[in-house]
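K.L.:
Residues per chain, in single letters:
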Amino acid sequence: MNVMLNGEPRELRDPYTLQALIEVLGLAGKRLAVEVNEDIVPRSQHNEFRLNEGDRVEIVHAIGGG
Amino acid sequence: MTEQSPTPLPEDKPLEIAGRIYRSRLLVGTGKYRDLMETGHAIESSGAEIVTVAVRRTNLGQNPDEPNLLDVISPESYTILPNTAGCFNAKDAVRTCKLARELLDGHNLVKLEVLGEEKTLYPNMTETLVAAEELIRDGFQVMVYCSDDPLLAKRLEEMGCIAIMPLGAPIGSGLGIQNRYNIRQIVENASVPVLVDAGVGTASDATIAMELGCDGVLMNTAIAQAQDPIRMAKAMKLAIESGREAYLAGRMPKKAYASASSPIDGTFF
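For the record, the sequence lines run as chains G and H. Note that my numbering gives residue 5 to position 5 of the first sequence, counting from 1, and the numbers run on in steps of one. Note that my numbering gives residue 64 to position 64 of the second sequence, counting from 1, and the numbers run on in steps of one.
Read the hints as simulated data drawn from the structure, not as lab findings. Idealized CB from N, CA, C, for every residue including glycine. Be aware that a few hints might be false.
[Stated by the list, open to error] Where chain G lies over chain H, by a calculated footprint (3+ residues, C-beta under 8 Å): (1) 26-35; (2) 49-58; (3) 82-89.
All chains should be modelled from the sequences, with the hints used to inform the complete structure.
P.N.:
Printed below as a string of structure tokens:
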């Protein structure tokens with residue numbers, strides 16, 4: 001299965017949950033927000049949220065800015 | 001200031017944003033610092049209680065243990081004000097705000113800024129109005145970066161924006177308050193807080209904004225790009241306090257000619 005992760009193509013085995021992806025990226029427990037196909041996926045749903053072929057995933061955090 | 005002393009004296013109302021009272025009228029950004037340690041020290045020195053952050057893609061594949069901005073500027077100690085910097089249309093700005101709300105556990109205070117073009121970063125007001133309307137409908141509390149047009153400022157207030165934040169000069173320019181009369185008019189017409197956002201270069205600029213009656217000033221580059229940001233942060237804190245006190249004190253009227261301070265009576269020469 002191929003998804004777009006923060007604008008880059010990424011191959012994942014199928015099936016794959018959002019939580020599994022976050023863990024593989026070493027981001028578990030970090031303060032972040034996730035959007036799939038431009039819809040927010042609330043933190044409480046990461047565990048059961050299953051990724052699909054072609055999904056566009058954005059993982060964001062807070063950085064310095066004015 | 002170039003105008004006559006206002007009468008009667010303005011009322012000393014505390015700065016209230018989204019139901020919370022703030023002691024500091026200086027709001028600061030967290031961009032352009034050398035590192036997170038400098039960011040933290042400068043913000044501490046500024047005395048600011050409201051701190052802006054940007055929302056960006058997480059760097060994947062880098063050291064996941066690298067410190068996070070919100071570890072230094074914790075939401076427990078500061079009111080975090082996520083911005084929509086970098087957005088050039090309403091859709092991106094609304095998306096950014098929704099991500100920010102998720103990031104901050106439902107915290108719905110945002111700084112809306114929709115920019116017009118790269119060179120001036122001047123606000124795109126038509127897109128700003130569209131975004132503001134959608135965000136307010138979705139339950140956000142919107143502090144809005146805007147042009148210094150008094151009519152648009154009023155319109156944003158009437159739509160339900162909780163703070164109006166006209167630019168003093170382009171973002172990061174350090175040119176100071178370029179149109180004092182517009183800022184003053186916006187302040188006079190507003191019943192929500194008015195904060196100058198962008199354009200301050202040094203302490204006197206911040207003081208001028210406060211002397212005009214602004215409820216606060218939001219700045220980033222003026223502190224972060226000073227040679228000694230921590231010292232400049234303190235200078236800005238004092239400048240904001242001075243400007244506020246001068247505004248409340250009511251300045252003397254300007255005169256074209258001198259008026260002796262020492263009495264003429266009793267001179268012996």
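K.L.:
If a hint holds in the structure, say so; if it doesn't, say that too.
P.N.:
Hints, one by one, checked against the model:
1. Look at the stretch 26-35 of chain H against chain G: 5 of its residues bring a Cβ nearer than 8 Å to a Cβ of that chain, three or more, so the hint holds.
2. Under a criterion of three residues with beta carbons nearer than 8 Å to beta carbons of chain G, the stated coverage of the stretch 49-58 of chain H is upheld, 7 such residues being counted.
3. Only when three residues or more bring their CB closer than 8 Å to a CB of chain G does the claim for the stretch 82-89 of chain H stand; here the count is 3, and the claim holds.
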